[in-house]
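For what it's worth, this note's numbering labels the leading residue of the sequence shown as 56, then goes sequentially.
Keep in mind that the hints were calculated from the coordinates and are not lab data. Don't take each hint at face value.
With a cut-off of at most 30 angstroms between alpha-carbon atoms, the simulated DSS-like pairs for lysine-lysine come out as follows [to be verified]:
1. Lys562 - Lys459
2. Lys466 - Lys562
3. Lys466 - Lys575
4. Lys92 - Lys102
5. Lys562 - Lys575
6. Lys459 - Lys575
7. Lys575 - Lys92
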Amino acid sequence: MSPVLAGVLQLLALTAALALAYRPLGDHMARVYTSDKHLRVEKWIYKGIGADPNTEMRWPAYLRGVLAFSTVSVLFLYVLQRVQGSLPGSLGFSSIDPDQAFNTAASFATNTNWQSYYGEQAMGHVVQTGGLAVQNFVSAAVGIAVAVALVRGFARTRTGELGNFWADLVRGTVRILLPLSVVAALVLVACGVIQNFSGIHEVGQFTGGNQQWNGGAVASQEAIKEIGTNGGGYFNANSAHPFENPNAFSNLFEVFLLLLIPFALTRTFGRMVGSLRQGYAILATMATIWAGFICLMWWTEFAHHGPAFEIAGGAMEGKETRFGIGASSIFSISTTLTSTGAVNSFHSSNTGLGGGLNLLGMQLGEIAPGGTGSGLYGMLIMAVIAVFIAGLMVGRTPEYLGKKIGTREIKFAACYILVTPALVLVFTAAAMALPTPGHSMTNSGAHGFSEILYAYTSGANNNGSAFAGLNADTQWFNTTIGITMLLGRFLPMVFVLALAGSLAEQKPVPATAGTLRTEKPLFTGLLVGAILIITGLTYFPALALGPLAEGLAS
């Protein structure tokens with residue numbers, strides 16, 4: 056079987072699996088966030104944290120809940136790392152330095168999971184399971200909660216209430232993420248992913264020293280790493296490590312997990328707003344971009360440019376022979392079009408244009424299908440922008456889902472789409488202009504620039520993957536990328552919740568003959584075009600200096 060055909064068959068199998076899970080999971084999540092009943096374990100949690108789950112919140116109160124919980128999460132994880140050397144189960148590892156502890160705490164609390172350390176050489180069992188894995192759950196639940204609040208903004212009328220953050224947080228964790236993770240962890244263990252609390256083992260003598268391996272609760276962390284679109288690997292090699300991703304089936308299963316909730320949330324959206332066809336339109340937009348990027352990545356990586364590429368069957372540098380180009384391309388595109396950041400190949404070793412596709416996938420805002428929750432609310436923001444553009448073209452007040460998109464709403468949407476590019480470009484420019492950050496680059500020219508651009512793009516978009524040619528474990532990068540991750544996560548949430556509150560206060564606008572039909576293929580095409588054009592205009596100069604220059608020169 057040719058490598059191209061193998062990749063196509065894997066893509067078809069993945070699409071079929073996602074289609075089978077789409078309806079039941081989407082409907083289940085809609086029931087979770089519209090139910091007025093609380094499970095017994097949820098009541099215990101509410102009592103423990105002193106929250107009343109039945110109290111409705113306006114958007115400022117909802118935002119305060121998001122920020123308060125996330126602040127406590129950052130502080131807790133920071134302290135846990137700083138005292139690691141005194142904890143049992145630390146495997147002899149010392150406490151984490153302040154700048155790296157800040158970077159890691161910001162990373163995992165923001166669902167980014169950027170890692171400037173070697174996982175198996177820095178973090179013990181307590182930090183991995185009690186700190187990092189816990190944040191994998193709750194940071195994903197926060198993202199879904201904010202998305203659900205925006206959906207309620209579209210669904211509700213003449214009220215500023217968006218639900219209860221604490222109820223949404225607990226329900227997302229207990230009823231969605233935990234059950235899925237238990238099932239996924241069992242499947243991964245059956246595939247060969249390790250799950251233990253063993254120590255460090257000497258496994259052989261090699262030139263230059265001994266080879267050491269340490270165990271860990273990898274399968275359980277790998278499950279929520281993918282389901283929650285987190286991405287932080289237990290081992291430095293991430294999903295290229297055989298303890299995390301042993302074979303071709305586990306590889307495809309992990310891609311399925313990271314796409315599962317983001318795609319299914321479109322059906323949840325359709326259910327909650329009372330129109331499944333609106334959900335299908337958003338789904339079609341996401342799927343079109345995702346499939347298109349995979350085909351482009353195959354084209355760039357399978358292209359034969361000389362005898363070495365012809366013998367290997369394509370650009371095999373930096374890729375696992377267990378997976379090949381087809382599966383590695385599906386994985387890399389899926390992980391950069393979501394906020395996962397897990398990698399099963401070396402993105403820095405992609406062709407120039409292939410690395411550019413990974414960059415562009417993040418720069419789109421990770422909305423195809425995006426992260427758990429963040430993908431949906433990011434796509435809905437772009438839908439508001441697309442409706443506004445359509446309204447300008449026909450001279451009509453734009454409307455979406457029966458809500459007018461006026462000056463206030465478009466300001467919130469505009470601020471949302473400007474925050475992340477500003478963070479990426481300003482910090483990239485500063486790193487390139489100052490003398491010290493450039494010492495971390497292992498490559499010069501266009502590829503070296505791409506390393507730094509990729510790092511800040513990954514941080515600001517809460518992705519977490521890296522070109523990996525950049526030494527990011529410095530005070531400059533630990534601090535600035537940490538700040539970028541925090542601002543890139545929570546500033547957009549401010550505008551999302553403010554928009555949700557504004558929409559919820561409106562009364563519904565009846566549809567007329569002049570209303571744009573946002574459930575039709577025409578709107579899907581408009582939305583895809585708006586996403587690509589807005590991103591292209593914003594990032595094209597930076598992309599031209601990096602991956603485009605490298606790709607055209609090769």
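Consistency of the hints with the structure:
1. Lys562 - Lys459: holds, 9 angstroms
2. Lys466 - Lys562: holds, 20 angstroms
3. Lys466 - Lys575: holds, 26 angstroms
4. Lys92 - Lys102: holds, 15 angstroms
5. Lys562 - Lys575: Distance of about 24 angstroms is within 30 angstroms: holds.
6. Lys459 - Lys575: This hinted pair holds, its Cα atoms lying about 19 angstroms apart.
7. Lys575 - Lys92: Not satisfied, since the Cα-Cα distance of roughly 36 angstroms exceeds 30 angstroms.
When each numbered hint is compared with the structure, a violation occurs for hint 7 only.
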